[in-house]
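Participant: Here the protein sequences line up with chains Z and L, keeping their order. Using the working numbering, the first residue of the first sequence is number 14, and each one after it goes up by one. Using the working numbering, the first residue of the second sequence is number 9, and each one after it goes up by one.
Treat each hint with caution, since some may be false.
Rough simulated footprint, nothing fancy, chain L against chain Z, three-plus residues with beta-carbon under 8 Å [as the list claims (entries may be wrong)]: (1) 65 to 71; (2) 134 to 140.
Below, computed lysine to aspartate or glutamate pairings styled on DMTMM-like, alpha-carbon distance capped at 20 Å [unchecked claim]: (3) Z/K75 with L/E66; (4) L/K25 with L/E79; (5) Z/K75 with Z/E122; (6) Z/K71 with Z/E20; (7) Z/K71 with L/D69; (8) Z/K71 with L/E66; (9) Z/K75 with L/D64; (10) L/K25 with Z/E63; (11) Z/K150 with Z/E63; (12) Z/K137 with Z/D53; (13) Z/K150 with Z/E20; (14) Z/K71 with Z/D88; (15) Z/K71 with L/E79; (16) L/K25 with L/D47; (17) L/K25 with L/E66; (18) L/K25 with L/D41; (19) Z/K137 with L/E19; (20) Z/K71 with L/D64; (21) Z/K75 with L/D69; (22) Z/K150 with L/D10; (23) Z/K137 with Z/E102; (24) Z/K71 with L/D10.
So, partial list: chain L residues that the calculated Cβ filter (under 7 Å) puts toward chain Z [unchecked claim]: (25) A15; (26) W16; (27) Y49; (28) A62; (29) Q65; (30) P85; (31) M86; (32) T87; (33) G88; (34) G89.
If you are wondering where the hints come from, they were derived from the structure by calculation, not from laboratory data. Beta carbons: idealized from backbone N, C-alpha and C, even for Gly.
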Amino acid sequence: MDIRVQEAAFDLGAEANAFVARQSRMGAVVTFTGIVRDLDGTSLNAMEIEHYPGMTRKALEKIAQEARDRWSLGDVLIIHRYGTLHPDEVIMMVATAARHRADAFHAAEFLMDFLKSRAPFWKKEVTEAGADWVAAKDADEDALTRW
Amino acid sequence: MDVLYFAWVRERIGVPKERIDHAPATVMDLVNDLRAREDRYAVAFSDLSALRVAVDQELSDFDASLAGAREVAFFPPMTGG
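Next comes chain Z alone, as it looks inside the complex (with noise of 0.2 Å):
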């Protein structure tokens, strides 16, 4: 299990590579690539994502055995920045290994909708409008509860 918070960037190809290298009997690797999307009708100067040192790790460390616990597993891989991003950069990715594909992909998406309203980050768009706090979306909350 691999566990990065970071504000540096990273490279997306690098990583995929090295978890795969380190595999071993395993059939799958599933990778998801969160990416920051300019907005509609109004250019995003910046994303600032804020987070909770003291807390991210350990919320991530859990949501990653949670998933651990449900699947079969090999190795998980969770990578999140934190800082000023801009728009096309990288925020984060996971990386799921599993002996069988179905294991992968579920727990993939699984992370990432813990992810997404668990994990203690937030985060701010600025425009030429002036700053705008990113509002948590119900469906994000809804899709915790398929699990």
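With the hints as your guide, set chain L onto chain Z.
Facilitator: Here is chain L on its own, set in the frame of chain Z:
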């Protein structure tokens, strides 16, 4: 006990962290103590359904006990990912 604020809660209250010397019994008691201080607290804590709380870095509830707690954090619903 340290009280931490994040995102718009931090902006509305104006500090990221402060220490309180008394020991409220529950999170709700702490909220009511803070609300009584100044308007900026009353405004930040006006709608608890818009807030989440963590006690000692674990998500918790407003009716949770603060016995032995060292750190309480208030913040809006999280937007990770």
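Participant: Each hint should be assessed against the structure and marked as holding or not.
Facilitator: Hint-by-hint comparison with the structure:
1. Note: the segment 65 to 71 of chain Z has 4 residues with beta-carbon separation from chain L under 8 Å; the three-residue rule is met and the coverage holds.
2. Against chain L, the segment 134 to 140 of chain Z contributes 4 residues with a C-beta closer than 8 Å to a partner C-beta. That satisfies the three-residue criterion, and the hint holds.
3. For the proposed pair Z/K75 and L/E66, the alpha carbon gap of about 10 Å is at most 20 Å, so the pair holds.
4. Taking the CA atoms of L/K25 and L/E79, the gap is near 10 Å; set against the 20 Å cutoff, the hint holds.
5. For the hint linking Z/K75 to Z/E122, the alpha-carbon distance of about 15 Å falls within 20 Å, and the restraint holds.
6. For the hint pairing Z/K71 with Z/E20, the CA-to-CA distance comes to about 17 Å; that is within 20 Å, so the pair holds.
7. At roughly 18 Å between alpha-carbon atoms, Z/K71 and L/D69 fall within 20 Å of each other, so this suggested pair holds.
8. With a C-alpha separation of about 9 Å, the suggested pair Z/K71 and L/E66 falls inside the 20 Å cut-off, and the hint holds.
9. For the given pair, Z/K75 sits about 15 Å from L/D64 by alpha-carbon distance, which is consistent with the 20 Å threshold.
10. With a C-alpha separation of about 14 Å, the suggested pairing of L/K25 with Z/E63 holds against the 20 Å cut-off.
11. A distance of roughly 18 Å separates the Cα atoms of Z/K150 and Z/E63; the hinted pair therefore holds under the 20 Å criterion.
12. Annotation: proposed proximity of Z/K137 to Z/D53 holds, straight-line Cα distance about 16 Å (limit 20 Å).
13. With a C-alpha separation of about 25 Å, the suggested pair Z/K150 and Z/E20 falls outside the 20 Å cut-off, and the hint is violated.
14. Distance hint between Z/K71 and Z/D88 is fulfilled; the C-alpha atoms sit about 17 Å from each other, no more than 20 Å.
15. Straight-line distance between C-alpha atoms of Z/K71 and L/E79 comes to about 15 Å, which keeps the hinted pair within the 20 Å bound.
16. For the given pair, L/K25 sits about 17 Å from L/D47 by alpha-carbon distance, which is consistent with the 20 Å threshold.
17. The suggested pairing of L/K25 with L/E66 holds, with an alpha-carbon distance near 17 Å, which does not exceed 20 Å.
18. For the suggested pair L/K25 and L/D41, the alpha carbons sit about 16 Å apart, so the restraint of at most 20 Å is met.
19. At most 20 Å may separate the alpha-carbon atoms for a hinted pair to count; Z/K137 and L/E19 meet this at roughly 12 Å.
20. A hinted pair counts as satisfied when its Cα atoms are at most 20 Å apart, and Z/K71 with L/D64 qualifies at roughly 11 Å.
21. About 18 Å separates the Cα atoms of Z/K75 and L/D69, which keeps this hinted pair within 20 Å; it holds.
22. The straight-line distance between the Cα atoms of Z/K150 and L/D10 is roughly 29 Å, outside the 20 Å bound, and the hint therefore fails.
23. About 15 Å separates the Cα atoms of Z/K137 and Z/E102, which keeps this hinted pair within 20 Å; it holds.
24. For the hint linking Z/K71 to L/D10, the alpha-carbon distance of about 19 Å falls within 20 Å, and the restraint holds.
25. The beta carbon of L/A15 comes within 4 Å of a beta carbon in chain Z, closer than 7 Å, and the hint placing it at the interface holds.
26. For L/W16, the interface hint holds, the least distance from its beta-carbon to any beta-carbon of chain Z being 5 Å, beneath 7 Å.
27. Hint status for L/Y49: violated, given a least beta-carbon distance of 19 Å to chain Z, over 7 Å.
28. Evaluation of the L/A62 hint against chain Z yields a held restraint, the C-beta minimum of about 6 Å falling below 7 Å.
29. A hinted interface residue such as L/Q65 counts as satisfied when its beta carbon comes closer than 7 Å to some beta carbon of chain Z; here the least separation is about 4 Å, so the hint holds.
30. Look at L/P85: its Cβ gets to within about 3 Å of chain Z, closer than 7 Å, so that hint holds up.
31. This hint holds: L/M86 has a C-beta 5 Å from the nearest C-beta of chain Z, less than the 7 Å allowed.
32. With its C-beta approaching chain Z no nearer than about 5 Å, L/T87 sits inside the 7 Å limit, and its interface hint holds.
33. For L/G88, the interface hint holds, since its Cβ comes within 7 Å of a Cβ in chain Z; the closest pair sits about 4 Å apart.
34. Nearest Cβ of chain Z to the Cβ of L/G89: about 4 Å, under the 7 Å cut. The hint holds.
Hint check: violations occur at hints 13, 22 and 27; the rest are consistent with the structure.
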